[in-house]
Amino acid sequence: MIENKEKSTIVLFSGELDKAIAAFIIANGAAAYDHEVTMFFTFWGLNALRKDESVLVKKGWLETMFGKMMPRGANKLGLSKMNFGGLGPKMIKYVMKKHNALTLPQLIELAQEQGVKLVACTMTMDLLGLQKEELLDGIEYAGVAAYLGDAADAKVNLFI
Amino acid sequence: MIENKEKSTIVLFSGELDKAIAAFIIANGAAAYDHEVTMFFTFWGLNALRKDESVLVKKGWLETMFGKMMPRGANKLGLSKMNFGGLGPKMIKYVMKKHNALTLPQLIELAQEQGVKLVACTMTMDLLGLQKEELLDGIEYAGVAAYLGDAADAKVNLFI
Amino acid sequence: MIENKEKSTIVLFSGELDKAIAAFIIANGAAAYDHEVTMFFTFWGLNALRKDESVLVKKGWLETMFGKMMPRGANKLGLSKMNFGGLGPKMIKYVMKKHNALTLPQLIELAQEQGVKLVACTMTMDLLGLQKEELLDGIEYAGVAAYLGDAADAKVNLFI
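Chains as they are written, first to last, in this note's numbering: chain A, 982 to 1141; chain B, 982 to 1141; chain C, 982 to 1141.
The reader is advised that the hints may include incorrect statements.
[As the list claims (entries may be wrong)] Under the rule of at most 27 angstroms between Cα atoms (straight-line distance), these lysine-lysine pairs were calculated in the DSS-like manner:
| no. | chain 1 | residue 1 | chain 2 | residue 2 |
| --- | --- | --- | --- | --- |
| 1 | A | K1098 | B | K1078 |
| 2 | B | K1049 | C | K1071 |
| 3 | B | K1078 | A | K1040 |
| 4 | A | K986 | C | K986 |
| 5 | C | K1098 | A | K988 |
No lab work stands behind these hints, which were simulated from the structure alone.
All chains should be built: construct the whole structure from the sequences, respecting the hints.
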């Protein structure tokens, strides 16, 4: 029964590659242990869920500017340390490939396959002017109330 | 009975506007659900609790320097990303106003009205030379032991 | 009986002095309350566990470069704010000494004395090319599965 499953939640607030990778490795690990996992993407964390390609949607100039300034999707994120103007992420991706580690897009795909619930924070979407068409398919949309409902039932709650 | 209330704790370690906003949105949401919420402000997070105006207190030169270098209060915090020398916070405040979102000072006031316990870390106050007169009224003062006591009883514990 | 002990876990992902100090203060506090505490060091957090001195081990050029670029041990970490090219950490260390606060190396030693389990993330070690000889003695080695096992049993789980 679903009620007996362990539950875990992760808030991904940060928009950096290394933190997103850590979040998805933990989420996928927990899902592999049959935890019910919810990831809640808020603020800069939402950028990990953006589609690679530019999506034509109508928005104001400020929202357009936000959209252009923020990294578009998992492949474009920088590092929280040693970013070196984009060289750092290349190095990390290189060593991950060398060790046959999953890339961030692959980790996201695996999470979706394993039934990890990916939830985009609707308040942040409003503020930054991000629209559903610009985010990955198969994700959910909710606010802080839904997150708190999940977190109150969970044993492991992380803010990353 | 108070013993049956769900409990939540948030450590606010970071001194950035975006993280402080996220912390208070979660805290206010939990309080709205009738959770007993404790926020513990440590290291740079303490700056969110500083009064806007300069308060005349006696302190050594190093403490005075710390006091001058660190942002004085919720209105002065920078962003963790896209700060752009202070332009970023202005943009975020602009879009939040446009969407009628509460400002950080309003979120703090709401938290106090809802009975969220705001606790300043006394060890950090000692280290950085911050004195009670410089912090908001109506907050509490405690150390890591008090935080751990609350956290051990809580279901949702976040470090932000 | 060990089964009845409260459990706490801390993931130290960040490689900064201030965050490492906060993590160890919480861990030592919890251990003093007789919690069973596990600290899991991943990504940049691993640098806090590196030995001070250079250790001669065979590694590829990229791993050697990573090793040289990342801070070698608890004494070399920078600050997450107000680093000022290394002046910030000196100031923090100065005020901590003035207040007789434990240094980070002393906090790590105390954690080991109190039986806090320090676990190095083996996946990160592989990626960054860090070898056991380069890390402090008396620590353990494990992956995300072991962390999740501990976290699922714990009441306080923090990601720092």
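Pair hint K1098 of chain C and K988 of chain A, alpha-carbon separation not exceeding 27 angstroms: The given pair, whose Cα atoms are some 24 angstroms apart, holds under the 27 angstroms limit.
Hint consistency between K1098 of chain A and K1078 of chain B [alpha-carbon to alpha-carbon, up to 27 angstroms]: 31 angstroms, violated
Distance restraint between K1078 of chain B and K1040 of chain A, which requires alpha-carbon spacing of 27 angstroms or less: Holds: K1078 of chain B and K1040 of chain A sit about 17 angstroms apart, inside 27 angstroms.
K986 of chain A paired with K986 of chain C [C-alpha distance capped at 27 angstroms]: 23 angstroms, holds
27 angstroms Cα cutoff - pair K1049 of chain B, K1071 of chain C: The hint holds at about 18 angstroms.
Taken one by one, the earlier hints fail for this structure only at number 1.
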